[in-house]
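Taken in sequence, the protein lines are chains A and B. Residue numbers for the first sequence follow my numbering, so the first one is 1 and each next one is one higher. Residue numbers for the second sequence follow my numbering, so the first one is 318 and each next one is one higher.
Derived from the structure by calculation, the hints contain no laboratory data. Computed from a predicted model, the values in this text were never measured in an experiment. We put the beta carbon where it would ideally sit given N, CA and C, even for glycine. A couple of the hints might just be wrong.
Listed below are several chain A residues computed to face chain B (Cβ distance under 7 Å; list not exhaustive) [stated by the list, open to error]:
no., residue
1, Val11
2, Thr13
3, Gly15
4, Val17
5, Leu81
6, Ala87
7, Thr93
8, Asp103
9, Leu104
10, Thr108
11, Tyr111
12, Leu133
13, Ala152
Spelled out from the first residue to the last, the chains are:
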Amino acid sequence: MANVIEARDLVKTYGEVTALDGLDLDVPEGTVVGLLGPNGAGKTTTVRILTTLLKPDSGTATVAGFDVLRQPDRVRSVIGLTGQYAAVDEYLTGRENLRMFGDLYHLTPEYVRTRTTELLERFDLADAADRSLRTYSGGMRRRLDLAASLIAKPSILFLDEPTTGLDPRSRLGLWEVITDLVAEGTTVLLTTQYLEEADQLAEEIVVIDHGRVIAQGTSDTLKDAVGGNRIEVVVVDPAQVSTAVQALTAVANGEVIADAEERRVSAPVSGGSTALVEAVRGLDAAGVGIADIVLRRPTLDDVFLTLTGHVAEEDAA
Amino acid sequence: MSATDSLVSVPMRSRPIFGWALHDGFVVARRNLIQTVRVPELLFFSLVQPVIFVLLFAFVFGGAIPIPGADPTAEPDTSVYRQYLMPGIFGQTVAFAAAASTVGLAEDMHRGLIDRFRSLPMASGAVLFGRTFADAARQILVLTVLSITGFLVGWRINDGVISAIGAFALLLLFAYTVAWIGAWIGLYMPNPETANTAGLVWLFPLTFLSNAFVPITAMPDWLQPIAQWNPISSLVLAARDLFGNPTGIIGDAWPQQNPILYTLISCAVLIAIFAPLAIRRYRRTTAR
Numbered sequence: 001m002a003n004v005i006e007a008r009d010l011v012k013t014y015g016e017v018t019a020l021d022g023l024d025l026d027v028p029e030g031t032v033v034g035l036l037g038p039n040g041a042g043k044t045t046t047v048r049i050l051t052t053l054l055k056p057d058s059g060t061a062t063v064a065g066f067d068v069l070r071q072p073d074r075v076r077s078v079i080g081l082t083g084q085y086a087a088v089d090e091y092l093t094g095r096e097n098l099r100m101f102g103d104l105y106h107l108t109p110e111y112v113r114t115r116t117t118e119l120l121e122r123f124d125l126a127d128a129a130d131r132s133l134r135t136y137s138g139g140m141r142r143r144l145d146l147a148a149s150l151i152a153k154p155s156i157l158f159l160d161e162p163t164t165g166l167d168p169r170s171r172l173g174l175w176e177v178i179t180d181l182v183a184e185g186t187t188v189l190l191t192t193q194y195l196e197e198a199d200q201l202a203e204e205i206v207v208i209d210h211g212r213v214i215a216q217g218t219s220d221t222l223k224d225a226v227g228g229n230r231i232e233v234v235v236v237d238p239a240q241v242s243t244a245v246q247a248l249t250a251v252a253n254g255e256v257i258a259d260a261e262e263r264r265v266s267a268p269v270s271g272g273s274t275a276l277v278e279a280v281r282g283l284d285a286a287g288v289g290i291a292d293i294v295l296r297r298p299t300l301d302d303v304f305l306t307l308t309g310h311v312a313e314e315d316a317a
Numbered sequence: 318m319s320a321t322d323s324l325v326s327v328p329m330r331s332r333p334i335f336g337w338a339l340h341d342g343f344v345v346a347r348r349n350l351i352q353t354v355r356v357p358e359l360l361f362f363s364l365v366q367p368v369i370f371v372l373l374f375a376f377v378f379g380g381a382i383p384i385p386g387a388d389p390t391a392e393p394d395t396s397v398y399r400q401y402l403m404p405g406i407f408g409q410t411v412a413f414a415a416a417a418s419t420v421g422l423a424e425d426m427h428r429g430l431i432d433r434f435r436s437l438p439m440a441s442g443a444v445l446f447g448r449t450f451a452d453a454a455r456q457i458l459v460l461t462v463l464s465i466t467g468f469l470v471g472w473r474i475n476d477g478v479i480s481a482i483g484a485f486a487l488l489l490l491f492a493y494t495v496a497w498i499g500a501w502i503g504l505y506m507p508n509p510e511t512a513n514t515a516g517l518v519w520l521f522p523l524t525f526l527s528n529a530f531v532p533i534t535a536m537p538d539w540l541q542p543i544a545q546w547n548p549i550s551s552l553v554l555a556a557r558d559l560f561g562n563p564t565g566i567i568g569d570a571w572p573q574q575n576p577i578l579y580t581l582i583s584c585a586v587l588i589a590i591f592a593p594l595a596i597r598r599y600r601r602t603t604a605r
């Protein structure tokens with residue numbers, strides 16, 4: 001499959017701060033690539049360069065085969081952008097907003113009219129179509145914002161943290177819409193600081209930190225890179241944490257980590273449920289009281305922690 | 318299906334002979350004018366300030382500010398000052414149109430709308446052309462309300478309708494000019510709150526260091542040249558001329574002798590400087 005987005009060695013600095021430090025990115029046609037990283041990792045800078053809003057200090061990028069620096073207008077006519085804010089006009093109605101953006105894409109008035117109605121229905125905004133946006137909820141604004149970026153049927157969609165600040169229900173709603181778009185063949189570059197979101201939506205995940213790609217692959221490959229399953233135990237008596245570590249070291253295939261304050265012990269294991277049974281037996285034999293025990297697959301949180309040495313969410317605050 | 322195929326499937330308008338700038342500017346201006354109608358509070362308060370100024374100056378200061386050149390032997394007549402005052406209020410009011418452009422653009426930037434506009438295949442100056450045009454057009458309504466208020470306190474058009482239309486046209490051209498300066502400032506604002514202050518702060522010295530409210534001859538000697546070359550002074554003087562209102566003593570400086578021409582030149586020069594500066598800034602700016 002051909003790449004519809006290609007970035008090579010992008011560098012961008014703001015004074016002393018290096019936002020991008022030689023970033024490479026490939027997005028194959030018809031796929032969803034998730035750009036994952038904490039705040040300040042360079043996600044938004046990347047999107048701004050690819051959508052022609054910002055010029056890189058050095059490096060090259062093409063979108064749909066067009067050079068973002070030399071053919072910005074060609075790039076703009078094939079992309080849709082939904083940024084971190086609901087970038088729609090507060091005072092216009094939903095319909096007026098879509099009409100304005102359709103007009104600015106230079107679409108015919110007839111097409112703008114039918115497409116507007118179609119999008120408002122699809123995004124569950126038909127009832128609110130002729131109300132001013134001041135009456136819209138946050139979720140409705142985001143949906144309208146996404147609808148606005150789809151008015152000209154772009155083949156490539158940039159979604160920069162599309163669900164930041166949304167409540168869980170609106171987030172799920174937006175995820176559904178994005179999944180549908182992808183099913184229709186739209187290529188999507190999605191940035192997010194929510195690991196769960198990248199896991200849900202993206203086939204390929206690119207993890208960036210300090211303006212560089214630090215890992216890349218499917219959600220499964222990334223998880224495998226971190227290691228297999230883990231057994232996590234919460235013990236009843238804080239005094240027994242060290243005993244629990246000893247008991248688990250016997251079943252673990254790597255270093256056992258303990259958190260005395262939380263009474264939590266975590267051990268990487270190779271097997272699945274067999275390891276769990278062994279662990280329970282071992283702990284029981286050592287006389288350790290178990291408050292909770294789980295076997296869990298690594299999450300992208302673990303991936304991030306392993307790759308960067310810090311947790312994604314901490315930076316996000 | 319490749320990227321370009323799907324683009325073709327969307328019906329596009331044919332390119333106008335003069336390019337897209339006019340079309341796109343109109344789309345943006347329409348949006349900004351709809352805002353005016355949707356937020357009547359905003360329009361209301363932008364009208365209240367000049368109306369208050371008319372009433373304050375007419376009734377509080379009116380008797381205290383003598384107009385040189387008015388017949389000194391006649392009974393002190395406050396209506397002379399009111400005739401003198403109104404073109405000054407008009408001039409000040411249209412100059413303040415700039416603040417609307419500053420705040421409006423700072424808000425658009427803050428909300429990410431400028432980013433979105435910049436990601437569209439539209440003419441790059443259109444957002445600014447639309448904004449400045451709408452902000453100047455709004456002044457038609459403001460000038461109408463002010464004229465009625467002025468009429469009620471004794472201001473009159475004494476020199477025929479044609480001249481008066483010329484005066485209003487000059488005022489609107491000036492509003493359009495300062496809107497570009499306001500737009501340029503707005504694109505540098507970090508947030509709408511700062512824009513609220515920064516959009517106004519330069520307008521007070523600009524409008525008060527002029528003949529808008531007091532005759533230039535009443536100012537200290539060193540200030541007089543500044544006031545005489547201030548485009549607001551020539552705008553106000555030209556309006557007084559065209560409305561047939563008292564002008565006070567006209568200075569020797571060239572702008573005072575040729576107020577209409579100097580106003581037109583000032584507008585042309587200021588637009589030629591600030592429109593390219595603002596468009597250049599627009600092309601580089603992004604939301605913070």
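Hint-by-hint comparison with the structure:
1. Because the closest C-beta pair between Val11 of chain A and chain B is about 17 Å apart, greater than 7 Å, the hint is violated.
2. Interface restraint check for Thr13 of chain A: the shortest CB-CB distance to chain B comes to about 15 Å, outside 7 Å, so the restraint is violated.
3. With 7 Å as the threshold, the beta carbon of Gly15 of chain A stays out of range of chain B, its nearest partner Cβ sitting at about 14 Å, so the hint is violated.
4. Checking Val17 of chain A against chain B by beta carbon gives a least distance of about 13 Å; that is not within 7 Å, so the hint is violated.
5. Interface hint status for Leu81 of chain A: upheld, as the beta-carbon distance to the closest one in chain B is roughly 4 Å, under 7 Å.
6. Checking Ala87 of chain A against chain B: minimum C-beta separation of about 4 Å stays under 7 Å; hint holds.
7. Restraint check, Thr93 of chain A versus chain B: the minimum CB separation of about 9 Å is more than 7 Å; hint violated.
8. Residue-level restraint check for Asp103 of chain A holds (minimum Cβ-Cβ distance to chain B is 5 Å; threshold 7 Å).
9. With 7 Å as the threshold, the beta carbon of Leu104 of chain A comes within range of chain B, its nearest partner Cβ sitting at about 4 Å, so the hint holds.
10. Satisfaction of the interface hint for Thr108 of chain A is found here, the shortest Cβ-Cβ separation to chain B being roughly 5 Å, below the 7 Å cut-off.
11. Evaluation of the Tyr111 of chain A hint against chain B yields a held restraint, the C-beta minimum of about 5 Å falling below 7 Å.
12. Nearest Cβ of chain B to the Cβ of Leu133 of chain A: about 10 Å, over the 7 Å cut. The hint is violated.
13. Annotation: Ala152 of chain A was flagged as interfacial toward chain B, and the flag holds, the nearest CB pair being 5 Å apart, inside 7 Å.
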